[in-house]
Amino acid sequence: MSMNEYADRISQAILAEESGIGAEWLAQLESITVRSSGAAREQLRAHCQQLLKAFAVATRSGELENIEHRSWDEVRDLLSEISATRAKAGSTPAETATLVFSLKQPLFARLRDVFETDADGLAIASWTVNTLIDKLGLYTIEVFQKTKDQIIVRQQQELLELSTPVVKLWNGILALPLIGTLDSARTQVVMENILQKIVDTGAIIAIIDITGVPTVDTLVAQHLMKTIAAARLMGADCIISGIRPQIAQTIVHLGVNLEDVITKATLADAFLVALERTGASIMIKNAA
Amino acid sequence: MVDAQTQTVLFETPLLEHRRAQRTGRVTLRLRSDEDVVGVRKQVRERAVAIGLSLVDQTKLVTAASELARNTIKYGGGGEVHLDAFDDGARLGVGLLFVDAGQGIPNIESALRDGFTTGGGLGLGLGGSKRLVDEFDIDSRPKEGTAVLIIKWKR
Amino acid sequence: MERIPILRMGDLLLVTIQVDMHDRLAMQLQDDLTQRIVSDSAKGVLIDISALDLVDSFIGRMISNTAAMARVLDARTVVVGMQPAVAITLVELGLTLHGVQTALNVEKGMALLGKSYR
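As given, the protein sequences belong to chains A, B and C, one line each in that order. Just so you know, the first sequence maps onto residues 1 to 288 in my numbering. Just so you know, the second sequence maps onto residues 1 to 155 in my numbering. Just so you know, the third sequence maps onto residues 1 to 118 in my numbering.
Simulated from the structure, these hints should not be mistaken for lab results. Some clues are possibly wrong.
Calculated from the model, a selection of chain B residues having no Cβ within reach of chain C, i.e. all distances over 10 Å [stated by the list, open to error]:
1. Glu-12
2. Glu-17
3. His-18
4. Asp-34
5. Lys-60
6. Asp-88
7. Gly-89
8. Arg-131
9. Arg-155
Derived pair list, reagent style DSS-like, types lysine-lysine, alpha-carbon separation capped at 27 Å [claimed, not checked]:
10. A:Lys-146 - B:Lys-130
11. C:Lys-108 - A:Lys-168
12. C:Lys-108 - A:Lys-197
13. A:Lys-226 - B:Lys-74
14. A:Lys-197 - B:Lys-154
15. A:Lys-226 - C:Lys-108
16. A:Lys-88 - A:Lys-135
17. A:Lys-148 - B:Lys-130
Stretches of chain C that chain A covers, calculated by requiring three or more beta carbons in the stretch to come under 8 Å of a beta carbon on chain A [unchecked claim]:
18. 80-91
19. 102-113
Every residue gets a Cβ at the ideal spot worked out from N, C-alpha and C, and that includes glycine.
Using the sequences and the accompanying hints, generate a full structural model.
Quick look at the structure:
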């Protein structure tokens with residue numbers, strides 16, 4: 001029998017008993033579905049039905065080895081969808097791959113019926129289907145991993161954004177509270193962020209508040225100085241606020257030259273200075 | 001003085017064969033006129049973007065390239081620059097090797113320390129360029145020529 | 001050779017640099033600006049570099065020199081729109097653009113110049 005003929009018979013085997021195979025498959029998945037909601041089970045049933053049909057169509061195309069071939073596009077897309085959904089729902093990659101592998105038993109049962117007394121034919125067909133499903137199972141693991149990786153990258157970015165919040169205090173005055181330990185790499189990113197925010201908001205004064213920074217070393221101090229120099233080159237200026245006694249000591253010990261820079265103990269003091277610089281002032285009305 | 005067009009070596013320097021295992025796709029650009037500097041900036045920018053360097057890192061690399069290209073033309077009497085794609089197995093990088101057969105740099109130490117002079121003086125700004133890149137190597141012999149290698153890696 | 005156009009608005013000269021300048025072009029701009037300050041009796045020069053993704057030592061010096069010459073001719077110079085990446089690079093290079101006033105954008109730059117000769 002040629003590969004094409006096998007492909008045909010396998011495909012036929014599935015299509016002829018689609019609902020039967022589907023039911024047996026889902027029965028096997030009980031262990032996976034037992035703790036999910038009714039809606040999730042419905043979705044799983046729908047996915048399995050679509051997958052079975054797509055699998056049959058794909059095998060009929062004659063391509064039984066290379067799942068990257070375009071006749072398997074629909075199957076791969078479905079698997080990607082299922083894998084991504086399960087990853088987000090918190091399933092383990094093993095569970096999702098098992099979903100695919102569980103298709104083997106019902107399919108082998110059907111193949112036995114179709115090939116009856118043709119032992120050799122059955123062996124070849126079973127082996128082909130076996131390898132095919134293995135590849136598809138491994139594919140789901142790859143997709144699963146990729147999705148998890150993407151989630152991690154996105155969370156890292158969000159963390160980075162969180163650590164440089166921007167507060168517009170007044171027209172042209174920004175406050176940038178820095179939070180957490182600043183290492184050299186992070187400080188560079190923060191520096192670029194601050195400058196970009198200055199451009200984006202058209203601020204002329206940026207108050208960099210370091211109350212939330214436990215320690216400052218030479219490298220970080222240098223980066224801060226460079227940020228201020230760059231801001232000035234761009235036409236804005238910076239004030240550093242929230243310098244705690246310990247940091248003040250460190251800065252003096254390190255010999256960092258802060259002559260050129262306005263520093264204030266509190267954000268409030270810095271704000272007043274910034275207001276003056278922008279030509280505004282605060283008037284406190286006397287209570288009656 | 002011989003140059004790229006006659007396919008002979010401008011300045012015998014070990015830097016030409018340096019790091020062979022890590023680099024691929026060497027492209028050589030000639031550096032003779034002002035316009036050549038603009039061409040180098042463009043190509044370096046393209047390569048920097050291609051390996052995904054951040055905007056700031058791109059700018060630093062292209063600026064360093066511009067400085068060194070200018071040095072090659074103004075003080076080296078013209079020369080060439082070799083652009084390389086670097087890969088050390090863990091990260092990708094862009095490398096540039098500037099070569100000229102000029103008068104050489106008499107005192108490399110002080111040239112690296114010199115800032116930019118507004119008036120006369122060499123004002124090569126080598127120290128500045130060095131700060132913009134990750135790796136900086138220089139080979140210069142009086143009356144023979146100068147070669148400067150810079151590499152910027154994707155963080 | 002191509003030249004960078006210089007616009008006049010009252011007693012203000014406005015230059016928008018949008019091309020990657022080679023050294024000769026930069027020198028030409030410096031010469032042209034100096035000439036126009038005199039011929040147009042300009043009191044202020046606004047150089048917009050918001051489109052420049054690169055300012056190296058030569059261009060930096062050209063800007064400083066232009067500002068210095070303008071001052072001698074009793075005109076003020078403001079450079080606007082420097083991109084953050086360019087600013088960071090200039091700081092790393094050690095170029096200070098001493099004697100050059102800067103502003104974030106054209107609007108703020110004009111305000112700076114307006115203030116100075118009221």
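Hints and how they fare:
Interface exclusion of Glu-12 of chain B from chain C stands, the closest Cβ pair being 29 Å apart, more than 10 Å. Distance check for Glu-17 of chain B against chain C: the nearest CB is about 29 Å away, which clears 10 Å, and the non-interface claim stands. Every beta carbon of chain C lies more than 10 Å from that of His-18 of chain B, the smallest distance being close to 25 Å; the non-interface claim holds. With a least beta-carbon separation of about 4 Å from chain C, Asp-34 of chain B fails to lie farther than 10 Å from that chain, contradicting its non-interface assignment.
Against chain C, the non-interface label of Lys-60 of chain B is violated: not every CB pair exceeds 10 Å, the least being about 5 Å. In this structure Asp-88 of chain B is separated from chain C by more than 10 Å, as the shortest Cβ-Cβ distance comes to about 24 Å. In this structure Gly-89 of chain B is separated from chain C by more than 10 Å, as the shortest Cβ-Cβ distance comes to about 28 Å. Under the 10 Å C-beta cut-off, the non-interface status given to Arg-131 of chain B relative to chain C is violated; the minimum distance is some 5 Å.
Interface exclusion of Arg-155 of chain B from chain C stands, the closest Cβ pair being 14 Å apart, more than 10 Å. A distance of roughly 38 Å separates the Cα atoms of Lys-146 of chain A and Lys-130 of chain B; the hinted pair therefore is violated under the 27 Å criterion. Only pairs whose Cα atoms come within 27 Å are accepted, and Lys-108 of chain C paired with Lys-168 of chain A is accepted, the gap being roughly 18 Å. A C-alpha spacing of about 17 Å is found between Lys-108 of chain C and Lys-197 of chain A, which places the hinted pair at or below 27 Å, so the restraint holds.
Only pairs whose Cα atoms come within 27 Å are accepted, and Lys-226 of chain A paired with Lys-74 of chain B is rejected, the gap being roughly 30 Å. With a C-alpha separation of about 24 Å, the suggested pair Lys-197 of chain A and Lys-154 of chain B falls inside the 27 Å cut-off, and the hint holds. For the suggested pair Lys-226 of chain A and Lys-108 of chain C, the alpha carbons sit about 23 Å apart, so the restraint of at most 27 Å is met. At roughly 22 Å between alpha-carbon atoms, Lys-88 of chain A and Lys-135 of chain A fall within 27 Å of each other, so this suggested pair holds.
Proposed proximity of Lys-148 of chain A and Lys-130 of chain B is contradicted: the alpha carbons are some 39 Å apart, above 27 Å. With 9 residues carrying a beta carbon less than 8 Å from a beta carbon of chain A, the segment 80-91 of chain C meets the three-residue requirement, and the given coverage holds. Chain A is given as covering the segment 102-113 of chain C, and this holds because 6 residues of the stretch bring a CB closer than 8 Å to a CB of that chain, at least three being needed.
This entry does not satisfy hints 4, 5, 8, 10, 13 and 17, going by the numbered hints stated previously.
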